[in-house]
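Here is how the chains run, residue by residue.
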Amino acid sequence: MPDNPKLKGSGGFSRKWRWGVATGLLVAIVTVLASGFMIDTTNTDVFCQTCHEMKPFRASWQKSVHGGENPQGFAAQCVDCHLPHGNFLEYLTTKAITGTSDVIHHITFNPSEFDWAENAEKNRLKFTYDSACRHCHVKLEPRGVKPGALLAHRAYLYGQTDKKCASCHPHVGHKDMIEMTNKFFKKDL
Amino acid sequence: MLKQMIKLVVAAMLIALSAAAAYAAEAPFPNLAPKELVVKRGFSEDATKCIECHAKKTPGIVEDWKTGKMAHATVSCYDCHIVEKTSPMASQCEGLKGTNTFISPMVSSKTCSRCHPQEVEQFLKSGHAKLAGAPVIENKKFLKLMYYYEGAQFIGVKADTPQNMASRAAGCQMCHGTQVELGPDNKPIKNTWPGGVGTRYPDGSIGTCTVCHTRHKFSIEEARKPEACASCHLGPDHPDIEIYLESKHGQRYLTHGEEWRWDSAPDAWQPGDYDAPTCAVCHMSGIGELSTTHNINERLKWDLMHKKSVIRSGERGDGEKGDKLMRKVCANCHGITHTNVQRQTLDDAVELYNTYWDGATKMQKELAEKNLLLIDEPWDDGFQELMYYLWHHCGRRARQGSAMNGPDYAHWHGFFQVFQVYKDMQKIYDYRIKNGKIEELSHVMSTGPL
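Going down the list, the protein sequences come from chains A and B.
When the first sequence is numbered by our numbering, its final residue is 189 and no position is left out of the sequence of numbers.
When the second sequence is numbered by our numbering, its final residue is 1450 and no position is left out of the sequence of numbers.
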């Protein structure tokens, strides 16, 4: 009996209890984060730019077609392009992973020493998703489409090319992104 | 009355004459200036400005574009030359100064892939992309050849001067391509542009489509004619156009190629449109059950370009598969016996050539072991220079002549010279082994076909 006195110690909580509370808290946090309210709250451009690294990207987005610079003034949100739109589970998982990674990066790295241009070239296809593009762009061969786009989209739809949407449309979401980013982080162009 | 009438007539004639004189003075010559080009269909405001300005400044370019399919498809200067302001190649022409529009005179396969993704993907897998640039960009032996020897450093021309680079700029790079270097205004410098099919661009993209579909017409008819290939595949080291023209295929092309139909759609360009194949038919075009490909390695069995001929593998393609595909091409016009005989002749020629090459390699190895080779100066060493001719010149002619039915190249410019070069190498080998030293005079000869 004396070899484990703390098992039912003065606190009165057993190990099982502590585990239960921890698990309960975790489940509660995950449930709150995964709730419609939290998803909606964290899905806005205003939320995304609370990490200051995101500010130039938001600014360049606002100047682009996808940020509202179109005749209709319609804007796609960050998450409309930067999260996959296959199924809800995939969406949620990617959102959780990306969000966590963003927080870690926010704490650990120095944005003014980062090569944003190289990063964009290297990873563009990793943080834009075809399923996201095609959530809005349902028809890839609409009436009146330019012949070049018709050719390219047909090869894409027939699976004759491995290209992704952002391979051919690399700058649609952000106008002058690298320039703005470098200026924001006070780096000479 | 009569006098009055005469006066009247004379007055009328004078008026008419003076009017004619005035007219003549105003327009003494007919106006032959071309019609001003105003385009109102399907182009953005910026694109229209490019077209209209270039119609005046570079009418030849606009003429090519105007009569090609790009103009019909409303693809303009703007669509291909526009780049992001932050692109490493972004620059501005006079007409764009002060605007927020940036262009690059260099257009790589990456741009073409925006409308033709499949074609460019195939092309990038072929020897026409990264591999084509390799000799001029990566190969130490060829770099020394281009700059130290041909660029005349060995007789005093300074490195990195325009003269020193002239041989590369005027020669090597025009077919192989080169690494484009940029000046402060992001325009190409040191004659590193334009270049051939394997050109590597500052934005990391590779390959130039306009080598075969020359700008700005991008004609499919042009790319289907042997002349498209002939600007590079000619001469002492791979006389493919000469081989083709002396073959039965070429004979027919020369005799009645003018009557052939050159503009059928890809995959639908079939025997009947032509009655003998061009380079494109066998190596690229859709024919019979085969589809069009821009990977020119795809239907090849042997590597007939390099030192020893092996069945293609890895980055050079899949030779076993290539053999099957090429036989499918032949089947459109030839019976199985004919095809088998032809393919067997190629295999035999490869085996024969490889026998010579293996013998040469054996001698070379032995000389190297006995310290009787100038390892660091191969271009100064008669034995090694002949060995270069053995594979790079007469050896290729023998093999490629055999592959494409050019008997004069297979024989007189090919195996006949292979055996002669080999015998000279044997003599040098014997001399060095017997005397234990390298001879003092060069034994170099040219094995050019002329």
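These aren't lab readings, by the way, just hints derived from the structure by calculation.
Any given hint could be a false lead.
Said to hold, decoys possible - Okay, derived cross-link-like pairs now, DSSO-like style, lysine-lysine, Cα gap no bigger than 30 Å in a straight line:
#1 B:Lys1324 to B:Lys1141
#2 B:Lys1110 to A:Lys126
#3 B:Lys1140 to B:Lys1066
#4 B:Lys1110 to B:Lys1056
#5 A:Lys164 to B:Lys1069
#6 A:Lys146 to B:Lys1423
Stated by the list, open to error - With beta-carbon atoms standing in for the labels, derived distance ranges:
#7 B:Asp1376 to A:Thr108: 30 to 36 Å
#8 A:Lys146 to B:Gly1272: 30 to 36 Å
#9 B:Gly1060 to A:Leu125: 47 to 53 Å
#10 B:Pro1105 to A:Glu121: 19 to 25 Å
#11 B:Ala1170 to A:Thr100: 56 to 62 Å
#12 B:Asp1376 to A:Ser112: 46 to 52 Å
Virtual Cβ for every residue (Gly too), placed ideally from N, Cα, C.
Hint by hint, here is what the structure shows:
Pair hint Lys1324 of chain B plus Lys1141 of chain B does not hold up; C-alpha atoms about 35 Å apart against a cutoff of 30 Å. Restraint check for Lys1110 of chain B and Lys126 of chain A: the C-alpha separation of about 19 Å stays at or below 30 Å, so the hint holds. For the suggested pair Lys1140 of chain B and Lys1066 of chain B, the alpha carbons sit about 44 Å apart, so the restraint of at most 30 Å is broken. Among the hinted pairs, Lys1110 of chain B with Lys1056 of chain B is consistent with the structure: their alpha-carbon atoms are about 29 Å apart, no more than 30 Å.
Under the criterion of a C-alpha separation no larger than 30 Å, the hint pairing Lys164 of chain A with Lys1069 of chain B is consistent with the structure, at around 26 Å. Between Lys146 of chain A and Lys1423 of chain B the alpha-carbon distance is near 63 Å, which puts this suggested pair outside the 30 Å criterion. At roughly 50 Å, the beta-carbon separation of Asp1376 of chain B and Thr108 of chain A lies outside the given 30 to 36 Å, and the hint is violated. In this structure the supplied range 30 to 36 Å holds for Lys146 of chain A paired with Gly1272 of chain B, their Cβ-Cβ distance being about 33 Å.
A hinted range of 47 to 53 Å is violated for the C-beta pair Gly1060 of chain B and Leu125 of chain A, which are about 39 Å apart. Under the hint 19 to 25 Å, the C-beta atoms of Pro1105 of chain B and Glu121 of chain A, about 21 Å apart, fit the expected range. One distance hint, 56 to 62 Å for the beta-carbon pair Ala1170 of chain B and Thr100 of chain A, holds here, with the actual separation near 57 Å. A beta carbon spacing of about 47 Å between Asp1376 of chain B and Ser112 of chain A agrees with the range 46 to 52 Å that was offered as a hint.
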